[in-house]
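K.L.:
The listed protein sequences derive, respectively, from chains A and B.
According to numbering that gives the first Met the number 0, the first sequence is numbered sequentially starting from 0.
According to numbering that gives the first Met the number 0, the second sequence is numbered sequentially starting from 0.
Check the hints yourself; a few may be wrong.
Partial pick of chain B residues on the chain A-facing surface, computed with a CB cut under 7 Å [to be verified]:
1) V16
2) A188
3) L191
4) A197
5) V210
6) F264
7) G292
8) T294
9) P295
Label pairs and their in silico Cβ distance ranges [unchecked claim]:
10) V203/B <-> P316/A: 32 to 42 Å
11) P410/A <-> V244/B: 51 to 61 Å
12) V203/B <-> T175/A: 44 to 54 Å
13) D387/A <-> F140/B: 51 to 61 Å
14) F140/B <-> L183/A: 50 to 60 Å
15) V203/B <-> T177/A: 23 to 33 Å
16) R71/A <-> P130/B: 40 to 50 Å
17) I307/B <-> G191/A: 58 to 68 Å
18) G130/A <-> S26/B: 44 to 54 Å
Since the hints were derived computationally from the structure, they do not count as laboratory data.
Where is the CB? At the ideal position from N, CA and C, for every residue including glycine.
Read off the chains here:
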Amino acid sequence: MTTAPLLAARGVSKSFFGNPVLRDVSIALQPGRVHALLGENGAGKSTLINLLSGALRPDGGAIEVEGRAVSRMTPALARQAGIAVVQQELSLTASLSIAENIGLGAYPRRLGLIDYTALAARARAACELVGLHEPLSTPVGHLSLGRRQMVEIAKALYRKPRVLILDEPTSSLSATETKILTDLLERLRGEGIAILYISHRLNEVMALCQHVTVLKDGICTADRSLAGTDAAGLVRLMVGRDPGDLFPQWQTSKSPADAISVRNFSAGLMRDVDLDVRTGEVLGIGGLVGQGQEDLLLGLYGAIPARTASASVNGVPGLPGGVPKANALGLAYVPADRKREGLHLIHPIITNMMLPAFARLPALKLRSRRAERETARGLAAQLGIKGDLARAAQALSGGNQQKVALAKWMPHDPLVLLLNDPTRGVDVETKREIYLMLRAFAAAGKAVVLLSSDTPELVHLCDRVAVVREGRIVATLERGALSEETIVSAAMGAEDRKVAA
Amino acid sequence: MSTVSPAKSAGALYWPVQMRRNIGVRSLFIVVLAFLVAYGVLFPGLFSASGFAKFTQSWFPLALVAMAQAILMLTGGISLAIGATVSLGAVIAATTMAGPLGVAGGAAAVALTGLGIGTATGFIVVRLRLPAIVVTLAGSFIIGGAALLVLPRPGGAIPAWLSDLLAGNTPAAFVLLVAIVLLWKLYLATPLGLSLYAAGENPVGAYRSGVPVDAARVAAYAISGLLSTGAGLFVAAQTGSGDPVIGTAFTLNSIAAAVLGGIGFLGGQGTMRGALAGSLLLSLMISVMFFLGFTPVAQYVAQGLIIIGAVAIPQFRKVQQ
Numbered sequence: 000m001t002t003a004p005l006l007a008a009r010g011v012s013k014s015f016f017g018n019p020v021l022r023d024v025s026i027a028l029q030p031g032r033v034h035a036l037l038g039e040n041g042a043g044k045s046t047l048i049n050l051l052s053g054a055l056r057p058d059g060g061a062i063e064v065e066g067r068a069v070s071r072m073t074p075a076l077a078r079q080a081g082i083a084v085v086q087q088e089l090s091l092t093a094s095l096s097i098a099e100n101i102g103l104g105a106y107p108r109r110l111g112l113i114d115y116t117a118l119a120a121r122a123r124a125a126c127e128l129v130g131l132h133e134p135l136s137t138p139v140g141h142l143s144l145g146r147r148q149m150v151e152i153a154k155a156l157y158r159k160p161r162v163l164i165l166d167e168p169t170s171s172l173s174a175t176e177t178k179i180l181t182d183l184l185e186r187l188r189g190e191g192i193a194i195l196y197i198s199h200r201l202n203e204v205m206a207l208c209q210h211v212t213v214l215k216d217g218i219c220t221a222d223r224s225l226a227g228t229d230a231a232g233l234v235r236l237m238v239g240r241d242p243g244d245l246f247p248q249w250q251t252s253k254s255p256a257d258a259i260s261v262r263n264f265s266a267g268l269m270r271d272v273d274l275d276v277r278t279g280e281v282l283g284i285g286g287l288v289g290q291g292q293e294d295l296l297l298g299l300y301g302a303i304p305a306r307t308a309s310a311s312v313n314g315v316p317g318l319p320g321g322v323p324k325a326n327a328l329g330l331a332y333v334p335a336d337r338k339r340e341g342l343h344l345i346h347p348i349i350t351n352m353m354l355p356a357f358a359r360l361p362a363l364k365l366r367s368r369r370a371e372r373e374t375a376r377g378l379a380a381q382l383g384i385k386g387d388l389a390r391a392a393q394a395l396s397g398g399n400q401q402k403v404a405l406a407k408w409m410p411h412d413p414l415v416l417l418l419n420d421p422t423r424g425v426d427v428e429t430k431r432e433i434y435l436m437l438r439a440f441a442a443a444g445k446a447v448v449l450l451s452s453d454t455p456e457l458v459h460l461c462d463r464v465a466v467v468r469e470g471r472i473v474a475t476l477e478r479g480a481l482s483e484e485t486i487v488s489a490a491m492g493a494e495d496r497k498v499a500a
Numbered sequence: 000m001s002t003v004s005p006a007k008s009a010g011a012l013y014w015p016v017q018m019r020r021n022i023g024v025r026s027l028f029i030v031v032l033a034f035l036v037a038y039g040v041l042f043p044g045l046f047s048a049s050g051f052a053k054f055t056q057s058w059f060p061l062a063l064v065a066m067a068q069a070i071l072m073l074t075g076g077i078s079l080a081i082g083a084t085v086s087l088g089a090v091i092a093a094t095t096m097a098g099p100l101g102v103a104g105g106a107a108a109v110a111l112t113g114l115g116i117g118t119a120t121g122f123i124v125v126r127l128r129l130p131a132i133v134v135t136l137a138g139s140f141i142i143g144g145a146a147l148l149v150l151p152r153p154g155g156a157i158p159a160w161l162s163d164l165l166a167g168n169t170p171a172a173f174v175l176l177v178a179i180v181l182l183w184k185l186y187l188a189t190p191l192g193l194s195l196y197a198a199g200e201n202p203v204g205a206y207r208s209g210v211p212v213d214a215a216r217v218a219a220y221a222i223s224g225l226l227s228t229g230a231g232l233f234v235a236a237q238t239g240s241g242d243p244v245i246g247t248a249f250t251l252n253s254i255a256a257a258v259l260g261g262i263g264f265l266g267g268q269g270t271m272r273g274a275l276a277g278s279l280l281l282s283l284m285i286s287v288m289f290f291l292g293f294t295p296v297a298q299y300v301a302q303g304l305i306i307i308g309a310v311a312i313p314q315f316r317k318v319q320q
């Protein structure tokens with residue numbers, strides 16, 4: 000194309016706390032084109048949107064509006080340039096009406112007051128576009144999640160954007176609403192608006208978009224026309240990479256004995272799940288973020304209410320009714336958010352390591368500092384935790400923090416480890432150490448349940464992988480069938496097309 | 000293409016929006032009405048001119064501080080300095096109005112003090128991102144100390160004619176309250192006023208939508224300060240003099256009234272009409288218990304139990320849904 004793109008990023012980079020999230024990424028949004036942005040969880044899509052909309056500033060590279068570099072992009076400048084973003088987390092206020100939400104921040108005024116006449120007319124026009132027929136005075140809090148998403152889109156259209164960025168707009172929409180939205184985007188494209196469309200639903204992307212940019216670990220791996228690619232090709236673009244020798248040699252240590260067995264298990268988002276976890280195996284839990292995987296672990300651990308038709312945990316029938324009971328049955332849980340749930344950051348490393356032990360001591364028994372120090376030193380040596388154990392846990396790097404979160408369970412010799420994304424934000428070297436540790440647990444006859452957003456990890460570490468989509472286990476892949484393609488396909492519901500292809 | 004006239008289509012949005020806001024407080028309105036009827040039956044004097052005047056005068060300062068607290072809670076803030084600010088308003092009124100400044104000058108001093116205190120508090124809380132509860136707790140000591148410096152012991156004077164006008168046998172308090180409510184409706188019809196809700200409930204989303212979140216919150220603190228010192232002026236007029244600790248009880252009563260009125264602690268939840276109804280309910284409860292001969296201690300206990308109940312009932316309803 001010869002025309003200048005309405006909005007572009009040229010070689011932008013961004014790091015958070017020394018972790019590079021985007022490296023030298025370029026993207027150009029042309030008028031009259033729907034541009035797809037694809038990538039796995041954590042590939043850097045949201046960061047790129049935030050750079051384009053001025054919510055974040057790039058460490059290197061430039062943001063260009065109509066071919067001119069903008070030195071300091073801010074949300075206000077982005078709005079002036081006609082850039083509207085439909086965020087994944089909604090920006091709505093529940094107690095205000097639909098119209099008041101749509102106009103928020105850009106109310107028409109008369110004599111300093113909100114001009115409700117003009118607001119009604121303009122909000123009505125925006126609502127017509129997205130097929131919202133509820134009375135404009137309805138408080139947004141009374142609407143379902145899907146309808147709120149439509150209000151959010153109407154809010155973006157109300158501003159008459161020239162660049163429209165949609166971050167997974169269809170994840171909470173019904174089929175009818177999705178149809179309305181795709182028709183609308185088709186029409187807006189015809190009017191010369193540049194659209195950036197992020198979605199995990201590949202069939203939508205194939206039907207709607209003309210051009211695709213694929214991000215993989217913060218690097219742009221494809222920037223090409225969509226013509227001549229299929230869903231399987233897109234999946235290959237998203238996962239294609241060499242796993243290297245990050246992972247330990249895989250050897251089975253699986254035994255037929257069940258550590259955990261549940262039937263018709265429901266907790267949180269999860270519905271009617273049948274699951275067996277065998278001793279001596281690493282069972283992976285995969286899927287897109289937020290499909291209910293965490294509720295599965297928390298439910299098994301007794302941390303959230305769960306219902307089940309039948310269950311047995313380490314030979315004891317029934318689910319543990321609470322965390323102390325789960326611990327007594329030999330379950331241990333390591334949360335994903337180690338800063339808020341896994342550790343007590345302002346307290347010394349040694350205290351963090353001893354916390355589960357405190358729970359087991361008689362409440363008024365005096366602590367033995369010497370025994371604690373010895374145990375902690377042993378754990379630190381065993382897991383390779385570097386640093387003075389009397390320092391606060393927040394002084395440790397992410398990788399070492401994760402090791403402390405794991406180490407605190409070790410003295411209790413858990414039979415089942417429930418791990419929630421243990422390698423998120425962890426450096427490569429520590430990742431490798433953690434992988435070795437997990438295989439060693441399995442070899443010692445323990446069961447490891449590994450929830451992970453990192454697909455290669457599931458492929459190379461696990462004996463089996465259960466893939467979760469919309470609160471259900473949609474596929475259980477045995478070792479022989481494990482590949483990044485099969486997991487991503489199952490997670491996105493693209494397996495039907497793959498089989499056909 | 001629209002066939003409705005502009006004025007009519009304005010009504011077609013503005014008034015339905017207003018009616019919708021009643022839904023959450025309907026049951027509260029019914030309870031308040033029941034209490035009013037009970038009060039009227041127990042004390043028929045309510046329906047005479049002087050009875051009505053006395054009743055609205057006892058309610059008025061509580062209504063003002065309930066509004067002062069509610070506007071902050073809507074933005075996700077809170078103030079523990081309302082009582083001290085009421086006291087300061089009262090002593091400034093009592094020391095200036097009978098002096099060379101006169102009533103107009105004194106009223107201006109009271110108003111400016113309230114706006115100044117509110118704006119300063121707002122800046123500290125919003126700009127420096129400090130917790131409102133700590134800042135206003137510290138502020139209550141500073142402001143309370145200032146009130147004691149202005150007037151170390153009860154004294155000063157309010158011109159008799161002003162006391163008679165505001166707290167005598169006139170419906171002045173009621174008229175003032177109606178005027179203040181109308182001004183509030185006007186404020187809520189401005190973009191800045193309506194932003195209160197968005198800034199309180201979803202500040203990140205509001206900021207991304209182009210709402211001046213910080214300005215909306217600082218303005219709320221300024222208005223809150225003005226309402227508080229205004230309540231102080233009225234209290235001084237009621238007693239005819241100034242008392243540097245007269246406002247102390249208003250801090251907790253303002254929170255109680257706002258909570259009774261359905262204002263949430265998390266910001267953006269509730270309505271000013273709810274807070275006003277809550278203050279009326281609290282005022283009625285205090286009067287009824289007084290007339291029924293409750294000892295002050297029993298009154299406090301009953302008040303506390305009723306407030307916990309008022310917060311718990313909506314919570315139970317939510318859990319059941």
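K.L.:
Against each hint, give a clear statement of whether it holds in the structure.
P.N.:
Hint check results:
Look at V16/B: its Cβ gets to within about 4 Å of chain A, closer than 7 Å, so that hint holds up. A least Cβ separation of about 5 Å between A188/B and chain A falls short of the 7 Å threshold, and the interface hint therefore holds. Proximity of L191/B to chain A is violated relative to the hint, the smallest CB-CB distance being about 9 Å (cut-off 7 Å). Here the hint on A197/B is kept, as its CB sits about 4 Å from the closest CB of chain A, short of 7 Å.
The closest approach between the C-beta of V210/B and any C-beta of chain A is roughly 5 Å, which is under the 7 Å cut-off, so the hint is satisfied. The closest approach between the C-beta of F264/B and any C-beta of chain A is roughly 14 Å, which is over the 7 Å cut-off, so the hint fails. With its C-beta approaching chain A no nearer than about 41 Å, G292/B sits outside the 7 Å limit, and its interface hint is violated. The interface hint given for T294/B is violated, since its Cβ lies 40 Å from the closest Cβ of chain A, which is over the 7 Å cut-off.
A distance limit of 7 Å between C-beta atoms decides the matter here; for P295/B the minimum to chain A is near 37 Å, and the interface restraint is violated. Between V203/B and P316/A the Cβ separation comes to about 46 Å, which falls outside the hinted range of 32 to 42 Å. Against the hinted window of 51 to 61 Å, the Cβ-Cβ separation of P410/A and V244/B comes to about 58 Å, which satisfies the hint. For V203/B and T175/A, the hinted distance range of 44 to 54 Å is not satisfied, since their beta carbons lie about 30 Å from each other.
Separated by about 41 Å at the C-beta atoms, D387/A and F140/B break the suggested range of 51 to 61 Å. Remark: the range hint 50 to 60 Å for F140/B to L183/A is upheld by a beta-carbon distance near 58 Å. Here the CB-CB span from V203/B to T177/A is close to 26 Å, well matched to the stated 23 to 33 Å. In this structure the supplied range 40 to 50 Å is violated for R71/A paired with P130/B, their Cβ-Cβ distance being about 31 Å.
Evaluation of the 58 to 68 Å hint for I307/B and G191/A yields a pass: the beta carbon distance comes to about 59 Å. Distance hint check: the CB atoms of G130/A and S26/B are about 34 Å apart, inconsistent with the given range 44 to 54 Å.
The structure does not agree with the numbered hints 3, 6, 7, 8, 9, 10, 12, 13, 16 and 18 stated previously, though it agrees with the rest.
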